[in-house]
Amino acid sequence: MLDPLDYKEPACALCGGEAFYNFDPKKPQGHIPVDAVIRKLDDCLARENYAEGARVLRYWIEDAKALNDRRGELSVQNEVLGLSRRIGDKPWGLAAVERCLQLIAEIGGEGLLSTATILLNAATTCKAFDQPERALPLYDKAKAVYERELHKTDLRFAALYNNLATTLTALSRLDEAEENYRAALRILEQNPDTAPDRAVTLVNLADLYAAKEAPETEIENLLLSAFALLEDPKTVHDEEYAFVCRKLSEAYGYYGFFKQAKRLTERADAFYAGA
Numbered sequence: 004m005l006d007p008l009d010y011k012e013p014a015c016a017l018c019g020g021e022a023f024y025n026f027d028p029k030k031p032q033g034h035i036p037v038d039a040v041i042r043k044l045d046d047c048l049a050r051e052n053y054a055e056g057a058r059v060l061r062y063w064i065e066d067a068k069a070l071n072d073r074r075g076e077l078s079v080q081n082e083v084l085g086l087s088r089r090i091g092d093k094p095w096g097l098a099a100v101e102r103c104l105q106l107i108a109e110i111g112g113e114g115l116l117s118t119a120t121i122l123l124n125a126a127t128t129c130k131a132f133d134q135p136e137r138a139l140p141l142y143d144k145a146k147a148v149y150e151r152e153l154h155k156t157d158l159r160f161a162a163l164y165n166n167l168a169t170t171l172t173a174l175s176r177l178d179e180a181e182e183n184y185r186a187a188l189r190i191l192e193q194n195p196d197t198a199p200d201r202a203v204t205l206v207n208l209a210d211l212y213a214a215k216e217a218p219e220t221e222i223e224n225l226l227l228s229a230f231a232l233l234e235d236p237k238t239v240h241d242e243e244y245a246f247v248c249r250k251l252s253e254a255y256g257y258y259g260f261f262k263q264a265k266r267l268t269e270r271a272d273a274f275y276a277g278a
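Following the numbering used here, the numbering of the sequence shown begins with 4 at its first residue and continues without gaps.
Everything labelled a hint here was simulated from the structure, so no lab data went into it. It should be emphasised that the depicted structure is a prediction, and the values quoted were computed from it without experimental measurement. Take these hints with a grain of salt, some might be off.
What the hints assert, rightly or not - With a cut-off of at most 30 Å between alpha-carbon atoms, the simulated DSSO-like pairs for lysine-lysine come out as follows: (1) 43 / 30; (2) 262 / 215; (3) 93 / 215; (4) 155 / 68; (5) 237 / 144; (6) 29 / 43; (7) 262 / 250; (8) 144 / 29; (9) 262 / 237; (10) 68 / 30; (11) 93 / 144; (12) 68 / 43; (13) 155 / 265; (14) 155 / 237; (15) 93 / 146; (16) 262 / 146; (17) 155 / 144; (18) 144 / 30; (19) 250 / 43; (20) 237 / 93; (21) 215 / 237.
Could you put the whole structure together from the sequences, leaning on the hints where they help?
Shown next, in the form of structure tokens:
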């Protein structure tokens, strides 16, 4: 009896064995080096070279598509979500949201812890680019997985509560937003090396209090508490710290804390000059 391999035409000249005759275009034809891509991106971010970081991500997305490496592409698209927010590239960021949701569906990734974090990132991107209503159901999906899979003090909950709070603020749901900021702070305070994140949360609370027309002293106390965290000698001065200093310096300038704004800018400049 003839074996089909004896008479079938080859489907792919680069494959061997069964794959030579039964090529499946849906299967990955290789995998991109995700860990190396992220390390390269981190190096770009540490030097504030966002244009190079974007080039790296765009290159590897195309490579992942050529290889039909959906999981690899999803990891890189997740990095696009964060970088697009840093550089304010709305079309790129929202396109990455669409692609991440599509890829999660294609690989059957709903309900996984890893994809829940991507949903959180996608929701934050929607809020950043003026789609807060669209963000809420994505936060809900991420939260459901987190509550099933994580301990209640896991730092990923803090990220969820913080970002959900900013979305609720944008929707003028200020009391709910404050509850989420407070929940994030409680978690951050139970984890080491979280001073930059706590500072961001306190400044966000100051913005919330300003929206509530709270007394100026309450707003000032929050800002000074956040600044004290960034000035603490025990706070690690890494890329995250420098990014937070750069980001918060604008807020301090807005509130008239010019000395603190200048100090934070100098801290960020010093880090990136030596990166």
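Consistency of the hints with the structure:
Proximity of residue 43 to residue 30 is assessed by CA-CA distance (about 27 Å); at most 30 Å being required, the pair is judged to hold. Between residue 262 and residue 215 the CA atoms are separated by roughly 26 Å; this keeps the pair inside 30 Å, and the hint holds. The hinted pair formed by residue 93 and residue 215 meets the criterion: a straight-line CA distance of about 29 Å does not exceed 30 Å. Taken as a hint, the residue 155 and residue 68 pair is broken in the structure, with Cα atoms around 37 Å apart against an allowance of 30 Å.
Proposed proximity of residue 237 and residue 144 is contradicted: the alpha carbons are some 36 Å apart, above 30 Å. Of the supplied pair hints, the one linking residue 29 and residue 43 holds, its CA atoms being roughly 29 Å apart against a limit of 30 Å. Pair hint residue 262 plus residue 250 holds up; C-alpha atoms about 15 Å apart against a cutoff of 30 Å. A C-alpha spacing of about 28 Å is found between residue 144 and residue 29, which places the hinted pair at or below 30 Å, so the restraint holds.
Between the alpha carbons of residue 262 and residue 237 the distance comes to roughly 21 Å, so the proposed pair stays at or under 30 Å and holds. A distance of roughly 12 Å separates the Cα atoms of residue 68 and residue 30; the hinted pair therefore holds under the 30 Å criterion. For the hint pairing residue 93 with residue 144, the CA-to-CA distance comes to about 23 Å; that is within 30 Å, so the pair holds. Distance check on the hinted pair: residue 68 and residue 43 sit about 19 Å apart at the alpha-carbon level, within 30 Å; holds.
Between residue 155 and residue 265, the direct Cα distance comes to roughly 37 Å. Violation of the 30 Å bound is thereby established for this hinted pair. For the given pair, residue 155 sits about 26 Å from residue 237 by alpha-carbon distance, which is consistent with the 30 Å threshold. Of the supplied pair hints, the one linking residue 93 and residue 146 holds, its CA atoms being roughly 25 Å apart against a limit of 30 Å. Between residue 262 and residue 146 the CA atoms are separated by roughly 39 Å; this puts the pair beyond 30 Å, and the hint is violated.
For a cut-off of 30 Å, the pair hint linking residue 155 to residue 144 stands: about 16 Å separates their Cα positions. A C-alpha spacing of about 28 Å is found between residue 144 and residue 30, which places the hinted pair at or below 30 Å, so the restraint holds. With a CA separation close to 22 Å, the supplied pair residue 250 and residue 43 stays within the 30 Å bound. Distance restraint check for residue 237 and residue 93: the Cα-Cα separation of roughly 36 Å exceeds the 30 Å cut-off, and the hinted pair is therefore not satisfied.
Between residue 215 and residue 237, the direct Cα distance comes to roughly 33 Å. Violation of the 30 Å bound is thereby established for this hinted pair.
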